[in-house]
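Chemist: Just need the whole structure built from these sequences, with the hints factored in.
Chains A and B supply the protein sequences, listed in that same order. Every position in the first sequence, counted from 1, becomes a number in our numbering once 1065 is added. Every position in the second sequence, counted from 1, becomes a number in our numbering once 1065 is added.
Take the hints with a grain of salt, since some may be wrong.
[Unchecked claim] Ranges of calculated distance between the beta carbons of each label pair, as one might list FRET restraints:
id, chain 1, residue 1, chain 2, residue 2, range
1, B, 1178, A, 1126, 33 to 43 Å
2, B, 1113, A, 1190, 37 to 47 Å
3, B, 1245, A, 1103, 35 to 45 Å
4, A, 1149, B, 1104, 49 to 59 Å
Hints in this document: simulated from the structure, not taken from any laboratory. Here the structure is a predicted model, which means the values were calculated and not measured. We treat Cβ as the ideally placed atom computed from N, Cα and C, and that holds for glycine.
Protein chains: 2
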Amino acid sequence: MYNFSFHIPTIIHFGKGTITHLEELKDYGKKVLLVYGGGSIKKNGIYDNAIKILKDAGLEILELSGVEPNPRIQTVREGVRICKEEKIDMVLAIGGGSTIDCAKVIAAGAKYDNDAWDLVLDGSKVNDALPIFDVLTLSATGTEMDPFAVISDLTKNEKWGTGSKYMIPTMSVLDPEYTYSVSKKQTAAGTADMMSHTMENYFSMEEADCQKFMAEGLLRTMIKNGPVALNEPDNYEARANLMWAGTNAINGIVGDGCSPAWCIHPMEHELSAFYDITHGEGLAILTPAWMEHILNDDTAPKFADFARNVWGFEGNDDYELAHKGIDALKKFFFETMGIPANLRAVGITDDKNFEIMAKKACEGSKGSFAALSEKDIIEIFKAAF
Amino acid sequence: MYNFSFHIPTIIHFGKGTITHLEELKDYGKKVLLVYGGGSIKKNGIYDNAIKILKDAGLEILELSGVEPNPRIQTVREGVRICKEEKIDMVLAIGGGSTIDCAKVIAAGAKYDNDAWDLVLDGSKVNDALPIFDVLTLSATGTEMDPFAVISDLTKNEKWGTGSKYMIPTMSVLDPEYTYSVSKKQTAAGTADMMSHTMENYFSMEEADCQKFMAEGLLRTMIKNGPVALNEPDNYEARANLMWAGTNAINGIVGDGCSPAWCIHPMEHELSAFYDITHGEGLAILTPAWMEHILNDDTAPKFADFARNVWGFEGNDDYELAHKGIDALKKFFFETMGIPANLRAVGITDDKNFEIMAKKACEGSKGSFAALSEKDIIEIFKAAF
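Modeler: In structure tokens:
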């Protein structure tokens, strides 16, 4: 096990009705920037509920709406401008991972003198941030309890992850009922995203039983509850299990000490940067292709563990088990969860950017489970095509 | 899943050599009370190492040594006296759970006007505490990342657990190498203690897949690594896995949202309060007796899950599986780990206190997995006798 430091001071309020805790924002100042996306929170009542709680607490509210899936640096800049001009005390995101990621970089940008894109390219430049709060409405990215944010500049086909301890949320409200209205498509993509986080942590050269065995538990949770949430959108237990599992997939508990680098995410970020596809769908499409590409004598035992402990297969032949596990994952993503099975199905109909995408992804995946060259990555893109 | 709030702001520094982080204590004041136990830290060099780091950081050090296993309120009072008289800024515990628990209540008592025993009986009376730091030398109680402490007044045969957010450590140093010198007896007892925490969380009427499946992963980690640490005391990976698993067993990740009350711990606290036995041994002795006592049509499916997912048994008959799982646990504790198999073997040779002990334990276990009457608890004590 590698050395690590774990420090996630986020206060999690989990469960029905916990949005009332927004009242506590009054302890952090007077003026709050409310950040949200396309307006679904106005339809399902969360917006009205939050506004009432904030106003009753005596807070002054400014708003930034319209945060995109794959949030844009242009939106971050607008938020930073408001924070600086209006002397905002804190940022509250209501939404999914995109909205919260956007709010995180706004909060950091508000305390930074130059362009916020610097902070996306280099998290170490974040030296302070406004307090960040969120109400999560989509179980997927785990941003509600981690230091990370992913921001895109689609004018340059750039999408990068950044991270800083200053961007860890101060308080996150996780009410599973707020995810009842999440569409089938986004429920499937969100489940794929949290499974990908868990698998990125699980498949690492550094074995660490504690992290690995807990990760297997998380994967089993997602595999069991994802389909339930898909078919019964208002099943509280399924939504609750996905929500807590998604958070624990990336808060460090199952990753710290064993997984220094990821590889599927860097590859998917290139897909999103060039084609603006849904992140979770891209991850689901790439993962089995990556698994089949790197399956060899070194990796087969790990894939056999995956087949046994996550999917419940039995046997002694590592390769046979490995294929069973990978096939089970494919079936889960592309049949059970209904995710498009290849890149063409999400609208990527040409391979002209694969080389430049592979070059960038190769840089980002250094140190991951199996070493990947640019050639490897192009082959994985092609296999997923 | 029940509603819950999760907030553990402890900074964990995990791994070889991370004791150097004690240098950061200088950010919290000038005077530190160093709390430790019987002096083993002087033999294995941790004491000298810590003193040098603290002195180099310009800190003034006062000491309280001799903290007992099952730490006494009398020792807490002495620590509180030093803190108040010497205007101590922070408390640093170096040791196992007993030493850290003692330090926690000292830190709280230093900010309390009356007798610290009040805080043991009622954690809600803790309204402040000095910053608490620790260097863990025994993987067992998980106190390094939780709000709890257990303190005894053996003059009254009283042993109670208390808890407060103010008693959550600010920073914990977890260096697996510091547990190399832990004896076989304490390694076994520590493994039993962390397994008991996990099982107390696992066996609850409220099912919650995420917490349960992760708990199964923790149990598998402990079952795999406990015997390795027993037989190869300086096996880093085994010690590291036990250390991180022990911490995660009780920091809320696998308990919050599903396990509002425990029952083995209240029973064991009575054994320790009356007979001053080793906590982990008492837990190991009571657990299978409790399992056999409460096995019925309602609980059998859960025990069958335990047998399948923790021990790897297969089958469809819940009762048969349940017995297999319980027998495997017995074999693990009493054969593999060498823990004394019954109360007589740890020196409890009479049953004269069982009634009064059962009365107190009954109160403490309300709301746990299976309702226990005083009569039930007496029968469990007798079965474990």
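Chemist: None of the hints should be skipped; say for each whether it holds.
Modeler: Right, here's what the structure says about each hint:
1. 1178/B / 1126/A: 33 to 43 Å: Hint holds: Cβ distance 42 Å, inside 33 to 43 Å.
2. 1113/B / 1190/A: 37 to 47 Å: 40 Å, holds
3. 1245/B / 1103/A: 35 to 45 Å: At roughly 56 Å between Cβ atoms, residue 1103/A and residue 1245/B fall outside 35 to 45 Å, so the hint is violated.
4. 1149/A / 1104/B: 49 to 59 Å: For residue 1149/A and residue 1104/B the Cβ distance comes to about 57 Å; the hint holds.
Going down the numbered hints, you'll see the structure goes against just number 3.
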